[in-house]
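Visitor: Chains as they are written, first to last, in the numbering used here: chain A, 289 to 463; chain B, 21 to 124; chain C, 305 to 926.
Worth double-checking, as some hints may not be accurate.
[What the hints assert, rightly or not] Below are the BS3-like pairs computed for lysine-lysine, each with C-alpha atoms no more than 25 angstroms apart in a straight line:
#  : chain 1 : residue 1 : chain 2 : residue 2
1  : C       : 470       : C       : 670
2  : C       : 860       : C       : 470
3  : C       : 860       : C       : 469
4  : C       : 465       : C       : 328
5  : A       : 317       : B       : 111
6  : B       : 112       : A       : 454
7  : B       : 111       : A       : 454
8  : C       : 822       : C       : 669
9  : C       : 494       : B       : 111
10 : B       : 112       : A       : 317
11 : C       : 465       : C       : 365
12 : A       : 382       : C       : 470
[What the hints assert, rightly or not] Here are the computed distance ranges between Cβ atoms for each label pair:
#  : chain 1 : residue 1 : chain 2 : residue 2 : range
13 : B       : 118       : C       : 868       : 48 to 54 angstroms
14 : A       : 448       : C       : 882       : 17 to 23 angstroms
15 : A       : 319       : C       : 904       : 21 to 27 angstroms
16 : A       : 406       : C       : 888       : 49 to 55 angstroms
17 : A       : 403       : B       : 77        : 15 to 21 angstroms
18 : A       : 406       : B       : 109       : 23 to 29 angstroms
19 : A       : 450       : C       : 910       : 37 to 43 angstroms
20 : C       : 920       : B       : 77        : 29 to 35 angstroms
21 : B       : 77        : A       : 397       : 28 to 34 angstroms
22 : C       : 885       : B       : 112       : 54 to 60 angstroms
23 : C       : 888       : A       : 397       : 27 to 33 angstroms
24 : C       : 910       : A       : 403       : 45 to 51 angstroms
25 : C       : 910       : B       : 118       : 23 to 29 angstroms
26 : C       : 918       : B       : 112       : 41 to 47 angstroms
[Said to hold, decoys possible] Derived contacts from chain C toward chain A, CB cut-off under 7 angstroms, selection only:
#  : residue
27 : 900
28 : 903
29 : 905
30 : 919
It should be emphasised that the hints constitute simulated quantities derived from the structure, not laboratory data. In this text, all values refer to a predicted model and were calculated from it rather than measured experimentally. All residues carry an ideal CB built from backbone N, CA and C; glycine is no exception.
In case you want the letters, here they are:
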Amino acid sequence: MTLTGEFFAFMALALVAIIGGVLLLNLNKVVHMVVALIFTFVAIAGIYILLNAEFVAAVQVLIYSGAITIIMLFGIMLTKPYDDEGESASNGSKWRRILLFLGVVGFAFAVYVGIYNFPIDQVPSNLHENNTLEVGKALYSKYIIPFEFVSVLLLASLIGAIILAKREDKEGDSK
Amino acid sequence: MSSVPASAFLALALILFCIGLYGALTKRNTVIVLISIELMLNAVNINLVTFSKYGMAPSITGQVFALFAMAVAAAEAAVGLAILMSLYRNKKTVNIDEMDQMKH
Amino acid sequence: MMENAWLIPLFPLLSFLILLLIGKRLREASAYVGILLTLASLVFSILVLFERFTEPTYITKFDWLTIGDLHLTAGFEVNQLNALMLFIVSLVSFLVHTYSKGYMHGDERFPVFYAYLGLFTFAMLGLVISPNLLQTYIFWELVGVGSFLLIGFYFYKEEAKAAAKKAFIMTRIGDVGLFIGMILIFWQTKSFEYSEIFRAVEAGAVSQTMITLTAILIFIGAVGKSGQFPLHTWLPDAMEGPTPVSALIHAATMVAAGVYLVAALFPLFQASQTALLTVATIGAFTAIFAASIGLVQTDIKRVLAYSTVSQLGYMMLALGSAGYVAGVFHLMTHAFFKALLFLAAGSVIHAVHTQNIEEMGGLWKKLKFTGPLFLIGTLAISGVPGLSGFFSKDEILVAAWEGGHPVLFLLALIAAFFTAFYMFRLFFLVFTGEARGEQKHVHESPSLMTLPMLVLGVLAIIGGYVNTPWFGSFLGDWLVDGNEALGHGHIEGPAWIMIAATVVSLLGIYLAWLIYGKRSVARDWLSGAGGTLHTILLNKYYVDEFYQLIVVNFVKGFSYFLRFIDVFLVEGIVKGVAGFVQGLGITGSKMQNGQVQTYGAVAFIGLAVLAVIFALTGGYLK
């Protein structure tokens, strides 16, 4: 492993992403958590660039850092803002947290063992050349049907979200 | 060739996934739970993109699927939040541990 | 006629069933059902008995159970002993049925009483015609049930309840012995048939030790049923039942079942000198033991009960001394005069409404009918020459002497003296002198009650003449006819035995007259002289207390120990298992709380555990 710029970039981005995640867990105010998450999303976009996926990185910034975060903020504001994430005092939940933490650590350990033993031979790739063009070609040729399905899905979820979020007319009023 | 091994990306994805998982299973605020799920989806996307570059047969397909996953995640976030709104109107709370009508 | 002998037990059974079904509607009329049906039994029995005088033994049987090569049979047999027992049982049962019509008059559970009487009579008649041990055992237990029900007839009285339980449990101890003996016999001879057993024993197919063992085990059953020492304590307590029941069951029939059993299996006992000696010793000891207790009791029925125990001891002594005829003869005469005595005692109790002889007295003039009949019974049991008891007792004494048991002979002689003394003590206290207690409305019993007593009184006088040294031993010759193994019909004994027996009984009567009749000797002369002895006798040698101390306390302690194990060990384990499962269930149901996060957490932790295990072991790869 050589100390290249790529390495430093990766380390910095990874650090930001993880710190953002940890802050998400530990901050007290809901809005702060969402803000912490933006750091993570942006850092992940940087990781995508390191992985020669410029178009995905752009979409990541647009959708996650932009749209989803904004939606979430709206959600928070429309419900009870600054709902303090107070420690639920009950013993059961404390035990559950501890158990869950152990479970997560165990799971991470098990998967890490898998990653550690995963044989990866690096094969030279040309993904960095005309990345956006290649993605567009793949989307509109090979994956055209899934792509259309995604658009249908998005439309359906759009309508569904509107119907769900619409204030229901009281039955007595409509009659 | 890259100076950062593929396993480093996978490990990062693992850590983010675990953080998301822990958050999704412990946080009381439903919005935060939703966000945590987004984080988990992101970790999966990192894996997809990593394998699109460092896999046995590098190709653009991994990135395309990351895009699909993002689209589905966006749709999920929108519908999830709409459901949350609807629930909040009825129960005046966003605490996930008070939403237990399904047990009856 | 004999081929229809199986009908005899069925009449009382029919009576039992009818009264069970419609007894409540019949009320007091149910007595007629019982009386008529037992009369039918009696008529059949008499016919069978007379036919048996001339015809040979009739036996019939059919296969009841077939298991492999094994054939268990059921059927009936009319031999001399059975025919005689049929006659005695059905006669006494019929008389008691008649007597009870008067005695139980006005009782609320009148039909139930007759139903129980029917059940008991059925069982007893069935017992005496059984051709094999298994059938005998079944009826033996049924008889025990009948006895239990009738002793506990006044179940609202604590004493009656306790007495019924005691009778059941004490006889049960004996029955266990009988049961084991029965199984051993079956094991050795592969048959329950009496004839097969005797054949096997005669052919020497069974070892001497085994014969002795089985004989003694069966004798233990007889000890329980016949109230022999040491299982005698239930019989006096059984007097809590109605008096006709005491006459029927606890004087004439059921308690004689033990004697009958020994008599029926006599060839088996004869094959073992040790068994015979055991029977004789227990019998003689019981005779004098019970007689000595009878000297001081104050309850009229208890005196008679101890006298019964003592007389049964006599019978056992006779059988144990190889005096088969003497034993059976005494069984018959005893049935007559003891039933008479009990019925007369019932009549007295009916008249004065007390059982304490200290509160009676001067009843001779008031009970013009009962008094003489009671006197007849007393004379007969005391062995005064000319009455039935004299002849049978003489036979027993001769058998004991000739059997080579001088000590037992002496004991029997002393017991005879005691018998005469306490019976006349009873008679003088009840019927002579001045009335001691409050006696209002003393009246003679109705003729329904006196007539059965009259019949028994006649039989108590003449019953002995069927087998006497003077007029021929018809009964004895008939009983052993065709079966030489049972011994001689009549054992010739020296003449002085008869004189000694007479003198002894007259002495006893004279002494009783001196103390209780003429009162020339102070009443506390004897009890004062031997104060301790008197107390011991009054408390029946403390046998009950001894049992209480040793057996009951031991059993109680043992059961407490078992209860301790049950409560703390068994129940602890059970409760532990139940609690564990319950806790698991409670935890499980708490999981079902509708919290998606909890569900997710549980599912994920399960996955994590699997993943860790997989990572550590390498899954299938290792």
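Visitor: Decide, hint by hint, whether the structure agrees.
Guide: Here's how the hints hold up against the structure:
no. : hint                              : in the structure
1   : C:470 / C:670                     : 37 angstroms, violated
2   : C:860 / C:470                     : 16 angstroms, holds
3   : C:860 / C:469                     : 16 angstroms, holds
4   : C:465 / C:328                     : 23 angstroms, holds
5   : A:317 / B:111                     : 21 angstroms, holds
6   : B:112 / A:454                     : 16 angstroms, holds
7   : B:111 / A:454                     : 16 angstroms, holds
8   : C:822 / C:669                     : 17 angstroms, holds
9   : C:494 / B:111                     : 87 angstroms, violated
10  : B:112 / A:317                     : 19 angstroms, holds
11  : C:465 / C:365                     : 39 angstroms, violated
12  : A:382 / C:470                     : 67 angstroms, violated
13  : B:118 / C:868: 48 to 54 angstroms : 52 angstroms, holds
14  : A:448 / C:882: 17 to 23 angstroms : 50 angstroms, violated
15  : A:319 / C:904: 21 to 27 angstroms : 25 angstroms, holds
16  : A:406 / C:888: 49 to 55 angstroms : 40 angstroms, violated
17  : A:403 / B:77: 15 to 21 angstroms  : 19 angstroms, holds
18  : A:406 / B:109: 23 to 29 angstroms : 48 angstroms, violated
19  : A:450 / C:910: 37 to 43 angstroms : 38 angstroms, holds
20  : C:920 / B:77: 29 to 35 angstroms  : 32 angstroms, holds
21  : B:77 / A:397: 28 to 34 angstroms  : 30 angstroms, holds
22  : C:885 / B:112: 54 to 60 angstroms : 41 angstroms, violated
23  : C:888 / A:397: 27 to 33 angstroms : 29 angstroms, holds
24  : C:910 / A:403: 45 to 51 angstroms : 22 angstroms, violated
25  : C:910 / B:118: 23 to 29 angstroms : 25 angstroms, holds
26  : C:918 / B:112: 41 to 47 angstroms : 45 angstroms, holds
27  : 900                               : 13 angstroms, violated
28  : 903                               : 11 angstroms, violated
29  : 905                               : 5 angstroms, holds
30  : 919                               : 4 angstroms, holds
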